[in-house]
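**Student:** Chain order of the listed sequences is G, E and D. Under the working numbering, the first residue of the first sequence carries the number 1, and numbering increases by one thereafter. Under the working numbering, the first residue of the second sequence carries the number 1001, and numbering increases by one thereafter. Under the working numbering, the first residue of the third sequence carries the number 2001, and numbering increases by one thereafter.
Please note that the accuracy of each hint is not assured.
Covered by chain E, according to a simulated footprint, are these stretches of chain D (three or more residues, beta-carbon under 8 Å) [claimed, not checked]:
| # | region |
| --- | --- |
| 1 | 2350 to 2361 |
| 2 | 2512 to 2520 |
Capping the alpha-carbon separation at 27 Å, the derived lysine-lysine pairs in DSS-like fashion look like this [said to hold, decoys possible]:
| # | chain 1 | residue 1 | chain 2 | residue 2 |
| --- | --- | --- | --- | --- |
| 3 | E | 1029 | D | 2330 |
| 4 | G | 88 | G | 28 |
| 5 | E | 1612 | D | 2330 |
Label-pair restraints from in silico Cβ distances [stated by the list, open to error]:
| # | chain 1 | residue 1 | chain 2 | residue 2 | range |
| --- | --- | --- | --- | --- | --- |
| 6 | E | 1066 | D | 2479 | 47 to 55 Å |
| 7 | D | 2310 | E | 1008 | 45 to 53 Å |
| 8 | D | 2387 | E | 1619 | 19 to 27 Å |
If you're looking for bench data, these hints aren't it; they were derived computationally from the structure. Ideal placement from N, C-alpha and C gives every residue a C-beta, glycine not left out.
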Amino acid sequence: MLQVGLAHFLVVSAILFSLGIYGIITRKNAVMVLMGLELILNAANINFVAFSKYGNLGINGQIVALFVIILAAAEAAIALAIVLNVYKTFANVNVDEINNLKD
Amino acid sequence: MTESLFTILSIIILFLPLLGFAVVLLLGKRLPKLYLFEIAVISITFLLSVIVMYFKLAYSIDRDIIASFNWITIGAAPLSGVLNIELGIKIDNVTVIMLFVVNLISMLVHIFSIEYMRGDIRYNRYFAYLGLFTFSMLGIVVTHNLLMMYIYWELVGLSSYLLIGHWFEKKSAADAAKKAFIVNRIGDIGMFIGILILFTQYKTFTFDKIFYQISQGNIPFNSEAWLTATGILIFMGAVGKSAQFPLHVWLPDAMEGPTPVSALIHAATMVAAGVFLVTRVFVMLTADAMLVIAVVGAFTSLVAATIALTQNDIKKVLAYSTVSQLGYMIMSLGVGAYVFAFFHLVTHAFFKACLFLGSGSVIHAMHHEQDIRNMGGLRKKLPLTYATFLMSTIAISGIPLTSGFLSKDGILAGTLAFGKLTGHWLIPIIGFTVAAMTAFYMFRLVILTFHGKPRDHHKYDHAHESSWVMVAPLVVLAALSIFIWYTPNPLSPDAGWFMSSWVKTPVTVVPENTRFEFMQSAVQGGESHGEIVHSPLYTETMHWAHYPAMIMSIVLAGFGILLAFTLYQWKKINADKIADRIKPLYNFSLNKWYLDEAYDATAISGTISLAKILSWFDNKIVDGAVNGSAWLGRFVSKISGLFDTYVIDGFVNFTAFFSGFIGFALRKIHTGKVQTYLVFVVFAVIILLLFFKPF
Amino acid sequence: MMGFPILTFITFLPVLGMILILFLKKEQTNTIKYTTLIITALQVVLAIILLANYNYSAAGVYEEKSFQFIEKFRWIEISGISWLGTVKIDYFLGVDGLSMPMVLLTALISFIATISSWNINHSLKGYFALFLLLDTGMMGVFVALDFFLFYIFWELMLLPMYFLIGIWGGPRKEYAAIKFFIYTLFGSIFILLVMIGLYFSATETLADGTKVFTFNILQLMNSSNYTSDGLLSPLNPNNLRFIAYLALFVGFAIKIPMFPFHTWLPDAHVEAPTPISVILAGVLLKMGTYGILRISYPIFPDITRDLMWWIALFGMINIIYGAFVALAQKDFKKLIAYSSVSHMGYVLLGMASLTTAGVNGAIFQMFNHGTITAMLFLIVGVVYDRTHTRGIDDFGGLATQMPAYTGFVTVAFFAAIGLPGMSGFISEALVFVGAFGVESIRILTILSTLGILLGAGYMLWTLQRIFFGPLNGKWSSLKDLEFREYAMLIPLSIIIIFLGVYPSAMLDIMNTSVNSLVNFLHTNFTATTISGF
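Construct all of the structure, not just a fragment, from the sequences and the given hints.
**Tutor:** This is the structure we're talking about:
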């Protein structure tokens, strides 16, 4: 019987994290970039919960996970608001073309 | 009269004129009649001083009244012991006589001024200043200590300054006022140092306490030389105030003031303050100090008399005659004839005030003409002024039956005795010479002014006798120039109450060996109150000197008068021709021995140039050093600024340039895309992980 | 009165006023002026209350318990820095006979200067705010008994002064302001160095028995507080104590100002506006001599005794040199400035005598110079306001045109000359009495009396050139004094004459302290008192 252990959680989390990074790097649509960000946050959440069960973090891990969820929600709200504004300004949400940071 | 009543009355006498001054000065502008208040005040003061004098001389002639209080208390000071500064009054016979003299003349001058100053733009202020002067002068008279003497000494200087400069719109008046104050200050410095010596030694300013200490053999810094020096230093105050050579130059200039002021301040009272000061400190003068005083006095009287011979301004002649007579008094003190000096002070005050007020009357009548060459013949126009003026002139010339004869004869006898006793014959010789000169120039003045024919007809025609307000004071003063008030015997002052009981030579307190020989044996009789019992030798010599001095002085005065009449009345000899023949001497006298010029050339211009040099030094050198160091500071900072710009900052700039170069090179990889950066981050993390292998 | 921190109030009341003014609008000029007036008037009231409760027989000087109106608490305490020990600085205020006259003077002069500031016509808000700050600085110097606190007040007054001259001054104001600032700062550095040197030389024993370094001036006066290896200890064989004394003296001497450090004064005076000149001459100059009496003298009695001849020498130079230079001036204000140099020489001479009469005279002269010179500068201001010139030769005959003004001028000038009946005479006479009594400086004293003559010379000459003679036609429309000017000149005249007639009113305040100080100076830090521990 395959016992689900810490390693499994970590692997899932790592895959999620990598997917997130991949999404952020490759997508041109800002909304998609945001979704990649969410994936990364959730990868971290999985790690916290996993360590909460298997490590010596205890209940703290789950609390932090809760915080992260709330944070992610807040972050998503703000980010989407920014994206909307960006769209209003540039009529575009393509991150490649919004390169005013340069120069 | 009890002591406390004396004290209270004296204090009232002292402060009433101050009240007059304050009230008239502050309210005078609003109330044009306020000068009457001042006159009322001074009259009350006079009446009170008569009362005080009467009771003092009639009932307590041998008792001095002293009252004092602590003005400044420093308490028991470490190292120097108890320091208390007292103020107080001392009422003795000399004081009450002076109170009477000062108040009488002050009152008469007040009355005289009502008419003389009428129409002046600062009429009330003038009377206020007279009140201030009277207050200050009375302060000198009543004080019992040196500090208070000095305080009032300066205050009379102030009131003299204000009154000489009463017509300050005239530059000459303002100059004269300033000169008077500053020249007086020179003397005052000496006096102040003298006072400091005494205070340092005795921790008190009070005369009697100082004299007591000296009589106990406690002398300044344990040295007789210092005692002599102290006496001379204090005498310096008198040199300034009583216009003794070489500080006499202010007095003739002071004639720029209104004439009644000249009468009150610069003839009768303030200038006599110096003499009064010397009488106060007479007992602590050593033989050497007295000799200095005698010589200064004699020389002054000679200098002033020679100058008076040729002056043409009526007031200038009187001014130099005042200087000369003050020299007489000082000389008299120097030769030990204390009583005669004080006696002459009193008689001179009356007849000289009379002369000045008389000259005021003349000037008033002649519409401010002062040059006697433009007068003449005024006898008919101003009969009363003439009579009183003549009376006083006779008195000052020393003709018998006058007060001046009595006092002057006494002084001359004193000098003669002094000459015989000490061998200093020069002093009596000068004394007699001056007596002849005095008679000459005074009669020259009378003749040129009142006799002969008028030389300025226009002014003569408008001249008229002054009103009774001006004449009455003249009459009073002229009357006081007659012998009868002082002694029943017109030839011997000793017979009078003035000399025999009112004023006596005090016992000297200086150590035996520093006195004149003829004063030495006086100590034995020292117990009798306040009176020196002269050595038999001195008494004898005085008796010996009495008649020769009297005869000689009459003869010399007669000679002087005769000469004056010959030259100016009968014109037997042409005065101008004589003047031409002795031109250098004549000019020397006319130009006042060139003393003013000499002072201008030396002391005054020296001071001014020193001031200018020091000012230059201050501006260029002292301040130059400051500015120089500021400049140096800026120079150094400039150098370091250059260093900073090119070396230090150069390095900094190089660093910046270098970074810029690197940045330019690395610019390529900055795309501005977050995603590119993220790729870098991810790969960097991976590389780091691989490199450090943390797991 | 106990418990009410009256000294704090009198010192910091102006700061309160300054804050109030800062809240006002720039346009509310009258409110600003009246606020300042009320604040300074309150300060005068507080000073009078102080005087009414003053104990004339308490000495103070070196004894903490006989100081009056003491306020003392720990202000700064840093412990735990091992090599430094415990740094302890007290907020320590108190007055005695040395400072009481100065407190009265400061309150009075600030009030008068406020009235005189009435016709300042630009940037009023800034002016009055700085003015009040200056007031606090001055008052603080005179009441502080902790060296550190003293130094803070000393520097505090410098800055407003700089701006007051530099902004509201005359044509060369920048030059004068910078000169004043740098010169004074230069002096302050010396003071600072000596202060720190003293700090590391003496210790104070606290209530719990521990010994800590101290800035407390009174503790520094106690020779038994010095450790034998202390930098400035009298037992230390090095000569640093002597050098420190000189440095401290120079720091204070610049403020007096003593020859040859006096040249900032004429420039500052000439350029400063009238009220600031009044404060400068009336109060600031006194800080130098006060500092010497409060700090240099009792902390270094041994060196003071050694150097008294030199102090007297510089006093004499100040008197004579200042008078001579004054004689040559053509600018009315500069003349008065140099007369200040001369008059402060009397203070130095009196102090140098180390006798009761001399030191009493010196402090009294400080007060009198404050009132008299303030009056003289006000007088210059009156005529400058009307004519915009200060050249002595430009005037002539003003007495005819402005009789009341001339009356006050005469009072002030004769007071400056030292005429009896005015306060200046008493102080000068006491100075001379004191100094003459000391044999070693007797010759210097005699030479100094020349100052009396020269003083009369330049003052009367000025009086004559400006006021006497025929009226210069240019000035035939000048107005005589107005109400505000009477309000400044009358109180000063009254004080000058009152103290001339009844000097004990002031002398009694300081006498006990001066006696104690003189006694202290002659008996402490001698071989016996130092070897006693």
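**Student:** Give me the numbers of the hints this structure contradicts, sorted from smallest to largest.
**Tutor:** 3
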